[in-house]
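Mind assembling these two chains? They're in different frames, but the hints should get you there.
So the sequence lines, in the order shown, correspond to chains A and B. Start counting at 1 in the first sequence, then tack on 1, and there's your number in the working numbering. Start counting at 1 in the second sequence, then tack on 26, and there's your number in the working numbering.
Note that these hints are calculated values from the structure, not bench results. Note that the Cβ used here is the ideal one computed from N, Cα and C, for glycine as well. Heads up, a few of these hints could be off.
Said to hold, decoys possible - Covered, in the sense of this in silico footprint (three residues per stretch, anywhere, with C-beta under 8 Å from a C-beta of chain A), are these stretches of chain B:
no.	segment
1	48-62
2	68-77
3	321-334
Said to hold, decoys possible - These stretches of chain B come out as covered by chain A in the derived footprint (C-beta under 8 Å, 3 or more residues):
no.	segment
4	87-99
5	179-189
6	482-496
Spelled out, the chains give:
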Amino acid sequence: MDKFTQLTAIAAPMPNENIDTDQIIPARFLKTILRTGLGKNAFAAQRYDGNGAERPEFVLNQEPYRHAEILITLDNFGCGSSREHAPWALLDFGIRCVIAPSFADIFHNNCFKNGILPIRLPREICEMLMDDARQGSNSRLTVDLEKQVIIRPDGETVSFDVDPFRRHLLLEGLDDIGQTMAHDDAINTFEHQASRAWVPSITMETTK
Amino acid sequence: MQVSNSPRTLFDKIWDDHIVERLEDGTCILYIDRHLVHEVTSPQAFEGLRLAGRPVRRPDATVAVVDHNVPTSDRSKPIEEPESRLQIETLERNVAEFGVPYFPLLSASQGIVHVVGPEQGISLPGMTIVCGDSHTSTHGAMGSLAFGIGTSEVEHVLATQTLLQRPAKNMRVFVEGKTGVGVTAKDIMLAIIGRIGTAGGTGHVIEFAGSAIRDLDMAGRMTLCNMSIEAGARAGLVSPDETTFSYVKGRPFAPKGEAFEQACAYWRTLASDDGAHFDTEVTLRAEDIVPSITWGNSPQDVLPVDGIIPSPADFKDPAQAAQVQRALDYMGLEAGQKIAGTPVDVVFIGSCTNSRIEDLRSAADIVRGRHVAPNVRAMIVPGSGLVKREAEAEGLDKIFLDAGFEWREAGCSMCLGMNPDRLTPGQRCASTSNRNFEGRQGPGGRTHLCSPAMAAAAAVTGVLCDVRELIREPV
Ligand code: SF4
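Chain B on its own, in the form it takes in the complex (with noise of 0.2 Å):
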């Protein structure tokens, strides 16, 4: 349904494409095309369906999988930690009561919901996708409306399809240029982040956009998207293109034949119209970017690889001069020291953010030929048994193994601390994930986000480092 005719932007196109209703005071009833489903934040929902009598409405657009909770160890044994067994169990008959499609634990399928949900050509462009999860931001990579929700929201999503939204403002974030060796779709985000700060897309939806956007592949793009969070943004978005089409074509639940022809020139008109007037815009140059890395506890501490720690004296705000201290605190590091040359304990390279095929071919790219360094514990946790799969058809389990690597089964892993990979108090960890929150990893923790590739450097060298330096001349 259009509401005027003057230009709209990508959002709001997918926005009133999906108005069911439009109430008094401006609230619309929006419907959601793809409800995914996970262990967590789903068993009040069809609890309150069953005290309720009510069917979950479409179950044929609802997934269901089990990631937080799963262990990436020997999956033949059972699930020791009797609450996280207890979540799983409860999903499963909760997707067996309510008909909703499953993909169990022992299913090569399965894995991260916002790693399963692209590549099994679930998540479309110009769908409205909605999950009990932060970071379902990841799915606007594929050029569709994708955001978090709350217990209460995913009761109300099973139970009418639809919920109760008012719109977002409206961002952009141009990033125009070519970016320079080692740097990655994640160096762009987070110095995204570093530039707009975690508030600064709070209200609003981004849309990512410009000529270093359009160059990356779709896991670059969901890496961007993955992390608008962080940004404090409801959603992010790319606007499908030629990359997205050909990544959909084929997927296991993406259309097929004529309908897919159909949804082609349904998703070629979704982009923003010249002229869209947007609320926020921010541009960077792609050439500014470096490989980066967090020092801090907020994914906005964020600095250039070669790059300084900050110190409390370098902020007037009495407020922020004792929030870095705190975090140096935290972290167990020295103000104006260098970043790189930090020795680390752990490195892991997983989660929704970076644990797809991309991501685990850059990262096979820096081991290749290379041992882990002594004292470092190093982890690769693909993002889904389809990843994991395909990593293996090419060799990539053989690289990382010969070097000293975990090669482990597909789940949220050491991304938080609710499964049994956790960092122990005070260990270091260069981690691919998204939150470098106090504890996130394990109580005492301390993480430094960085790519894959950095975090393939650290494990090979034993300390943060420099990505560009191990980067060899392609043969």
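Next up, chain A with everything else stripped away, as it sits in the complex (with noise of 0.2 Å):
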């Protein structure tokens, strides 16, 4: 997983509550073997039109929009399916970031796990940073995670809470598998106990 320490980018606005993960990626690419490739179907349904062009309207098919790696949306997003490919399409698109007033549990979960940092802050102020965004390419976000601010394009910076632990293993870029790592001497001395010498090793020779 990738650090996140600090990160300035474009934001791109998404005024919609209850953004779910189906609208996020549609079930139809979860048929998929790689948690990478998802970015070009993220939000596939308000994206492209039934032809497969994009739709000018969509946010992010708009300049400098195209290349934000921030969101700034409304209220319970992620909600829906469980779907772990959801923060795996944000990310693939290049997402690393999200900005909302609440989030569904889960996604919220999702988001830690894959290097994504979702941030909540009170209606007023998404609002606000969404006006930010709004003024195009001139006006990117600064969001800083060991000092917990997000910096405007002003100047101005407004603080953020999060989990304590999460924050140590974002900074760190550790994920669970990360985290066990740092316990690989246990980990050591456990294989090569004198007690587990009958448990034999299969090998590639003895497989064929």
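In structure tokens:
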């Protein structure tokens, strides 16, 4: 997982509530064998028409928002199915941070697992940040996870809360696996116990 | 690492012996001895490793096999379904890249992951065994702690050979006495699920104990543990004994020589201590168990073969009554009728529940000298290439083929509608698999779960029937 420390990027405004995971990535794209590659189908229904052509009115089809790395939206983002394909699709599109008044629980968890920072802020502030975002390419937001602040284009700051343990994982770029790997010495010691000498190895030669 | 001196269950012992570290909040880093991998739940996990630049920590504790997507017909032709083909090719690419041992489709050892593991001596007593598949519980028959995991956890095990886990509760199911003629491990398990329900084992690991369990061969114990998941349990367990040790001895990947003796000495300690605490205990009398069959869309919808299909009116709870009605409608059955005598269209003998040589022998005993009823499509799908070979060496293939059965290649086949073997809407199937959910064997398909002998009896009579009426005197 990539570290998340500080991000200065274009933010895309999506002033809707209840954007569900079916909208983020429709079910027909779940048959993939990859976590990657879902970005081109993120928000597919809003993004493309029946012929697969881009709908110019959709925000992520517009400049500069097709380069957005931050999404600002409204209540209950990520509701619906638990599919981890939703954060996978956002990440693959390039989104590293989502700002909203509230998130669906499972989606919120899934974001952290995949190196995406979800930030909860009061609705007025989300709307204010959306106004900043509407100023286009001159208006970049900076999200500083270390200091827990968002720096607006005019230099003003907005602070936010985040679970300290999860903040630590993001700052260090650690996922569950990374966490467990920090216990590598203990795993090594366990593996080399004399009492485990009977456990056979399976080698390529022997399966042929 | 023994945590206390108080009497421990079999589960506690295996658990304690695999704790790498106990974290502050009680979560344990649990060491995993065997990781079995198949084509459906592993692609994103390998992709995760690749993206993070991580190797598989213990390729020598990992084994991959293809089973869910594979056709069970002629294997010399390329796989037609593009998405199935892609999943299989992806697994092949991943095992090559990460150095994971793999039984390819054309290997004689290929088969259903839960048949291959024990058969090869990959799954051994006292081990922790995981796989991205709920029926990993099957391997508990070896006296190992075996359970299914999700794709993120698959990646976690590939990378660290451990899992973050909290201990389960202990449940013990005693089956005491001698089972009657025509009663198999499948009937015992269906009776257990009928008794405790599909949520009865939730949060527990079930240890199966008692004289009727001791009397079972390893195939029977695997059938039992396989369906622990249908009883809601995380895993099933049978304490390893001489039956287990003689099964394990000489298997390709089992320890040899001195290592085998060392292992056996350890395995003999793997029994629940007298006075060990079980959160739940259930006892069944083997004599009460009869050949059984399911009528509805949940494995707990089980009837003795001479039973009567229930009516919604039998249920006070309106939600339950509605569910019964829905199942009757889906299954195309009449309340109040006998289940026996219901005509079948398809008979499927296979799946990780019942596709071992012992299962095929018990079906062949019923089929020998008889013929599949007209209008029944009957298929035998051995659990592995080795089971198939062994059956052929015994001449079982000839018995089945002469009777009009299809004799197919190993795989999950009609257990789930993922490969070309599927029921068509409305078709009724006597099946030796483990799930009778709506659409499980194909959209609109109607599944009746039963033992291989009962399925064979349905094949030759064309109706669901009591296998005991077809059992001949031993010659
Ligand atoms: S045979 Fe059926 S239950 Fe067993 S692994 Fe295959 S699909 Fe799953």
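We went through each hint and held it up to the structure:
no. : hint    : in the structure
1   : 48-62   : holds (count 3)
2   : 68-77   : holds (count 5)
3   : 321-334 : violated (count 0)
4   : 87-99   : holds (count 3)
5   : 179-189 : holds (count 6)
6   : 482-496 : violated (count 0)
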